[in-house]
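2 protein chains.
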Amino acid sequence: MSLYAASVPQLTKMLKGLSACIDKAVAHATAKGFDPAVFTTARLAPDQYPLTRQVQAACDAAKFAAARLTGKTAPSHPDTETTIPELKARIDSVVEYLAGFSEKDFEGAKDRMISLPFFQGKAITSADYLNEMALPNFYFHVTTAYAILRHNGVDLGKRDFIGSLNLKDA
Amino acid sequence: MSLYAASVPQLTKMLKGLSACIDKAVAHATAKGFDPAVFTTARLAPDQYPLTRQVQAACDAAKFAAARLTGKTAPSHPDTETTIPELKARIDSVVEYLAGFSEKDFEGAKDRMISLPFFQGKAITSADYLNEMALPNFYFHVTTAYAILRHNGVDLGKRDFIGSLNLKDA
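In order, the protein sequence lines correspond to chains A and B.
Here the first sequence is numbered in my numbering, starting from 1 and rising by one per residue.
Here the second sequence is numbered in my numbering, starting from 1 and rising by one per residue.
Please keep in mind that the hints were generated in silico from the structure rather than gathered at the bench.
Mixed in with the good hints there might be a few duds.
Derived DSSO-like pairs (lysine-lysine); straight-line CA-CA distance at most 30 angstroms [what the hints assert, rightly or not]:
no., chain 1, residue 1, chain 2, residue 2
1, A, 110, A, 16
2, B, 24, A, 158
3, A, 110, B, 16
Make a model of the complete structure from these sequences and hints.
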């Protein structure tokens, strides 16, 4: 299994799914007659990140996965989003960034050692980085964003999270 | 990257981490003087699974990933757990099941088409199954279990979720 196949297509699909969940939240707020922006500061615990930061962190996990696995520099995002449209634009920008990657960019990725800014003097293999950190961290933030919306009454189900599967006729 | 490396070791580590999070929840309940069993029925939304079912689902996602990728039949778990010790024993049993797998069991896994009981007449490649379903579903339930505990005051942090990384000297 290539590191590309294990990352870019799935991260892209999940980010689009997250954006669709946010659309459902906006529709819910509109139907109930409250400002959808209320969701942006909603959180599950007083010392846990609110929705906005969960979305930003999911976006960062995705962009850094693609960038670090291919030895590129990820684009900067200053985390200034405060509104639902800004959050959706942030997601769109990362989806667009991921669309610029192909299998070819990942040639040699399997032999790449990855340095992380928060572990000075240490490095991790590309496969361990993807499996132990990038994917768990990405799913952590997407799921928490989903849970915040679910906790606040948005009618989401597992299918909104998993999305479509690449099924073939058996 | 092998399908074994992308699944068994990481699923095992995450399940052990989930069990440790439950230990922290028990310690929290004990310190506050309430019955830790209260956590088992805690949930984030009235129509979402409570902690017990989240843990059971995480366990199932892990065992089915290993079983389906290798063409084996997963052991049956009748979902009868109602207490914290029973939930921890369920996790232990899946950790033990995963410990029985090695790279050798995954020989040929990359060419295996996987049938899913809820998609009759359809199948999915092993890599797509792992990337699109098994891993997202597993992380969904582990993260939701974590979020339920966090929402109920247990002092958990991201490190409890991510766990240790296989870092090497740079």
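Verification of the hints:
Taking the CA atoms of residue 110 of chain A and residue 16 of chain A, the gap is about 27 angstroms. The hint holds against a cut of 30 angstroms. Distance restraint check for residue 24 of chain B and residue 158 of chain A: the Cα-Cα separation of roughly 27 angstroms lies within the 30 angstroms cut-off, and the hinted pair is therefore satisfied. Between the alpha carbons of residue 110 of chain A and residue 16 of chain B the distance comes to roughly 27 angstroms, so the proposed pair stays at or under 30 angstroms and holds.
Consistency note: the structure conflicts with none of the earlier hints.
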